[in-house]
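Student: Here are the chains, one letter per residue:
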Amino acid sequence: MPGKLKVKIVAGRHLPVMDRASDLTDAFVEVKFGNTTFKTDVYLKSLNPQWNSEWFKFEVDDEDLQDEPLQITVLDHDTYSANDAIGKVYIDIDPLLYSEAATVISGWFPIYDTIHGIRGEINVVVKVDLFNDLNRFRQSSCGVKFFCTTSIPKCYRAVIIHGFVEELVVNEDPEYQWIDRIRTPRASNEARQRLISLMSGELQRKIGLKVLEMRGNAVVGYLQCFDLEGESGLVVRAIGTACTLDKLSSPAAFLPACNSPSKEMKEIPFNEDPNPNTHSSGPSTPLKNQTYSFSPSKSYSRQSSSSDTDLSLTPKTAPYLQGPRIYLCPSSPSLSCGSLHLKKSCLLLSESSLPPHPSSPVSPVLRKSVSFSEELFLAASGMGSGSAGKEGGPFKALLRQQTQSALEQRGGSPHRFCRRREFPFFTLTAFPPGFLVHVGGVVSARSVKLLDRIHNPAFVGIMGNTRSYKLLDWNSFNSDEPETRDAWWAEIRQEIKSHAKALGCHAVVGYSESTSICEEVCILSASGTAAVLNPRFLQDGTVEGCLEQRLEENLPAGCGFCHIPYDELNMPFPAHLTYCYNCRKQKVPDVLFTTIDLPIDATVIGKGCLIQARLCRLKKKAQAEANATAISNLLPFMEYEVHTQLMNKLKLKGMNALFGLRIQITVGENMLMGLASATGVYLAALPTPGGIQIAGKTPNDGSYEQHISHMQKKINDTIAKNKELYEINPPEVSEEIIGSPIPEPRQRSRLLRSQSESSDEVTELDLSHGKKDAFVLEIDDTDAMEDVHSLLTDVPPPSGFYSCNTEIMPGINNWTSEIQMFTSVRVIRLSSLNLTNQALNKNFNDLCENLLKSLYFKLRSMIPCCLCHVNFTVSLPEDELIQVTVTAVAITFDKNQALQTTKTHVEKSLQRASTDNEELLQFPLELCSDSLPSHPFPPAKAVTVEKASPMGEGNFRNRSAPPCANSTVGVVKMTPLSFIPGAKITKYLGIINMFFIRETTSLREEGGVSGFLHAFIAEVFAMVRAHVAALGGNAVVSYIMKQCVFMENPNKNQAQCLINVSGDAVVFVRESELEVVSTQQPTANCQPSCTGGEVTT
Amino acid sequence: MTSELDIFVGNTTLIDEDVYRLWLDGYSVSDAVALRVRSGILEQTGATAAVLQSDTMDHYRTFHMLERLLHAPPKLLHQLIFQIPPSRQALLIERWGYYAFDEAFVREVLGKKLSKGTKKDLDDISTKTGITLKSCRRQFDNFKRVFKVVEEMRGSLVDNIQQHFLLSDRLARDYAAIVFFANNRFETGKKKLQYLSFGDFAFCAELMIQNWTLGAVDSQVDDMDVDLDKEFLQDLKELKMLVADKDLLDLHKSLVCTALRGKLGVFSEMEANFKNLSRGLVNVAAKLTHNKDVRDLFVDLVEKFVEPCRSDHWPLNDVRLFLNQYSASVHSLDGFRHQALWDRYMGTLRGCLLRLYHD
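Chains as they are written, first to last, in the numbering used here: chain A, 1 to 1097; chain B, 1 to 359.
Worth flagging that the hints you see were computed from the coordinates, not collected in a lab. Computed from a prediction, not measured in an experiment: that's the story for all the values here. Errors might be hidden in some of the hints.
[What the hints assert, rightly or not] Straight-line distance between alpha carbons at most 30 angstroms, and here's what the computed DSSO-like set of lysine-lysine pairs gives:
#, chain 1, residue 1, chain 2, residue 2
1, A, LYS45, B, LYS148
2, B, LYS112, B, LYS230
3, A, LYS45, B, LYS116
4, B, LYS275, B, LYS191
5, A, LYS45, B, LYS144
6, A, LYS8, B, LYS75
7, A, LYS45, B, LYS75
8, B, LYS246, B, LYS304
9, A, LYS127, B, LYS75
With the rest of the complex left out, here is chain A (with noise of 0.2 angstroms):
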């Protein structure tokens, strides 16, 4: 499907002056796509230079519209030496390559320079006219819909979702390349930029294939991150969820959706045959997953390719496969793909079978990974670390094992493990009402590992001996690198995926990946919560009517998820369970941590809070493994300590859930920093927390034991204090029923670990300092001591503030549309002198507990407000640095409907996902009627053309007053949730994702780190902005500054930073005009119906 862009240079306005004898500039325009180039006139002398130039037009294939960025770049002329930069406009068209997303990119852009920054505006207009090509072995996916956002958008509905996709892709990166000795900083920074654009478009267009070969429409919570390996080069690397989504074509009714379906397959630019079995697969009944499970297979398939993705379907565990209905996938397709597949089922075997070479001294593969659920910690660890050669075997018969057993669990069948997803991870964090049927807890997984040079032959490194590289390179189709990368995650997706297998889950929900990288130690990190889902949203409808039908009627309202999907009786760990404290029939944990954001049906006592574990490790400098290797040999007791933070703070809160966890583990020179930040709430369903006990190790001295009381004391009061703060008040519950309410003494938290090192034994770690009372902390040292100092020291938020790292706080409904989003940066030095763990401790908890305290002064005017999506991110740029980046959004709520009660919320969700549930049954009749029949408009270019139109008309209506003079620039709102509150997305225009430097080389006259950073960031929204609005858009959803990266040389009077945000442009019409568009909409809908409610916009 080649493509012409077209390209029309407008003007400029507040350009800088490049002569300083006349005090003007003399401005041209290069517009550059791919290896053409264009240019406007000359426009002299003027500041403000109207070009006004022709349509520029690029013949161009999809591929390269969906890789490249078109590239303007404004220069003054210069008759005598060489033309001079002004700077440059990166603008990604892949927007205009959908579809239902913009139709036209038109707007003022900063003029970006990477050593000056902004430099006036230009004002572009770009459109793209595609043409239909059916050619099937095209490399492009023109039409995949991405979307950051980690729930359905908000304007959409999931037919399917299909599951995980992935893909990495790398390159050499040119900051290190020997040409970078000897061009200017600007060309170093300007190739940078431009090869990550690339890299990112690549890697969309690469997980678009997937997501159609998985006959798929659009990606969901796609999180695309770059790991800056420095020498060994630059890691691109994406994940998301796969899905088919249907628009909602009204935003008030439904009805018009008879008429959309069949206007949405076409486009989906791969269907040449708009195939109404791909969704349902003729019986005239719309019961359940029946109808979606046939079909798809067939086209499926057949299309599978080199991916090493699976393109397939839930797997199961064992014991629901035992019902009546077997597989019902035919068997030849499959065949077409099983070598393929059979072909990575060797790979893992024999790479997990692999002997030690025996010469090798030491094995630089360090793995160590600890992963917890709950009160659990599973940890699978150490392919070898340090000492390395010998213990290998056990270790490997055991991952062998594990495998086999997976593969086994896999229904046995060759045709069915071709057709299973191989991971089966969803990166949303919200549901659809019903999907997730019980939550296990978190799973998470770490690898260490040692970077390497690109295309060095010597990677071998890697592997540590000769047979691994040839295995490796039997395994890679075209470059060595990604396969060694892919390889690395894989191994640790597997980890996740037999974590969540453990607790009886067949889905991990919630997932994302996460790196940290110093010098040449990088820790890959994966987390998730293990899940049960409802397989109806699934396209494979494998699990059995009557199991579906037994969960259909025992999900009681609001804890279902909360009940436990493992066995009872056979527990794969220890933990306390009592009857659900909502429905009183099935067994709940006495605590449940999880990644997702809390469904919306849950019942919740109170408020939430921001919940934060705070560490930090010293470690000795040290060279390549052995530096690995003491980072391995620490992570588990990271891990172990944030956990103990993690459950010690929720019980301090009163609380007994934790929603959003997300523990990041940093790495510097010298020492290892950990955070965890989660959402603690009440939840309804489960047993109320145990107080926290302090006992002392020399009962005897009495003073201490006064001393003893009295911190037990303090801590009843504070317990008591929060309970009141948070408005936690369970109703009482009869003991009849329940059993006591208070756990009974028991061991509480273990952690398991299989320790590859020095003896073969697995010890099990007691997490829970000792077996006494319901949570005891012990207090034998000054260590002890201050950990219970630090529990009390956190100071809850000054009154009318709330905090949480979820989407929305649990007890408050009634949002008002005043919203701030912001980021704040601190870098702290540490004094260098004689640092100790717990100084260190210190320094890190009062960064956090300052940087929170200053956010809630900033925004005192908000009151009450929320902080929402409240995000931390650690890192170590140096030595004794310590930098902190927060990106959250404050919220106003209004308090006077503050106290409605959650019940009617609950109710309210609860309707919503009833008839929700209806629509979703009705839905394959629906289609299956209509899309036949009806074809009103020829293939994809038509619909584009038609669809233009309405939208490109209110594009330029909204747009024709900015350029005249007097008006202001157009509010674009921002903010890290997926929903904008008081108001409604009418439409997605497409995904925000970009990537800036900024150099300086007078850093003191931008006044210092501070002044360069904040006129960075500050440079970068407005970036962000601008492209919004200049797709037509008023706000960014699900915003998110994924790297910022800060180096500094005060020196050399030096500073550099890199950032890379993404987000979801969206159109919003605030609910009250909203109001006014939907009742005028039935006329209005009489035409193509996909139409009403954005020509609003």
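Assemble chain B onto chain A, guided by the hints.
Tutor: Leaving out everything else, chain B in the frame of chain A:
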């Protein structure tokens, strides 16, 4: 543990009104923090001094970045870097006062050349007025910037200022006066002029801009509102005959005296001083051909008219009656042909004198 870097950037730029004022008033960060502590904000919010320090620093940094844009307020409207709601933008520029100025300060520099030389004197002005040097500099630079921009422009001075600096009508008029005074270098600093307020001068400036500049006759000329109408000033020499011609002077006096007899409390003083006053007013007009004398306009007016009347304790109302009659009676002087000229001169002067006549 020291903070190396500490920033807060909002999607909507946060602007704290109090801190903005402190910044405009030229306080250093530490002074501003001290003042804020004194205001009791720590008790109200439960914040710590460190938090306040960080907050103040942050605001100052923002203001510093904003300042470049405030220099050309229309840029502030179009710029993309800081998202500030339009209502707030107006506050920044005017009501909270980037372009607001201190009366005490403006009195010091009014009519002075807005040059480097004057800028050097800001130190003294700062000590004298108690306004921080920073604030003095800002105000001075504002005057100078506005002056530079509108100096050569066609069209109404007030309109130009309003358009290019987005000021309210009131403030734009004040700036017009400042520009007008600076351009014509009217002397305002003499001791005998100390009793006059900026408002007095601004009032006179407005009248003079309306009647005595080029723009008053031809709206298509450059510098129309800033420069006095040279031709008009030249012509004013013609008025001299009103005092030079003894018959005319006597006739004028008798006309005024007849009309005012019994109506003025200070009739006899008026009668006695008529010729002096008239000579004073007409000579002021005749001298306006020289730049030097233009500069001394207000000194002359005070010396030649305000002071004599004040020493005889004329009530304001008597001054008004006298000036009205004095201007009007000229129309009855048959031998005098420059009625229009007289009206253009005296109409404005009468307004000015009435405004200048107070203690």
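Student: Each hint needs a verdict: does it hold in this structure or not?
Tutor: Each hint tested on the structure:
no.: 1; hint: A:LYS45 x B:LYS148; in the structure: holds (20 angstroms)
no.: 2; hint: B:LYS112 x B:LYS230; in the structure: holds (21 angstroms)
no.: 3; hint: A:LYS45 x B:LYS116; in the structure: holds (29 angstroms)
no.: 4; hint: B:LYS275 x B:LYS191; in the structure: holds (26 angstroms)
no.: 5; hint: A:LYS45 x B:LYS144; in the structure: holds (25 angstroms)
no.: 6; hint: A:LYS8 x B:LYS75; in the structure: holds (24 angstroms)
no.: 7; hint: A:LYS45 x B:LYS75; in the structure: holds (19 angstroms)
no.: 8; hint: B:LYS246 x B:LYS304; in the structure: holds (20 angstroms)
no.: 9; hint: A:LYS127 x B:LYS75; in the structure: holds (29 angstroms)
Of the numbered hints stated above, none is contradicted by the structure.
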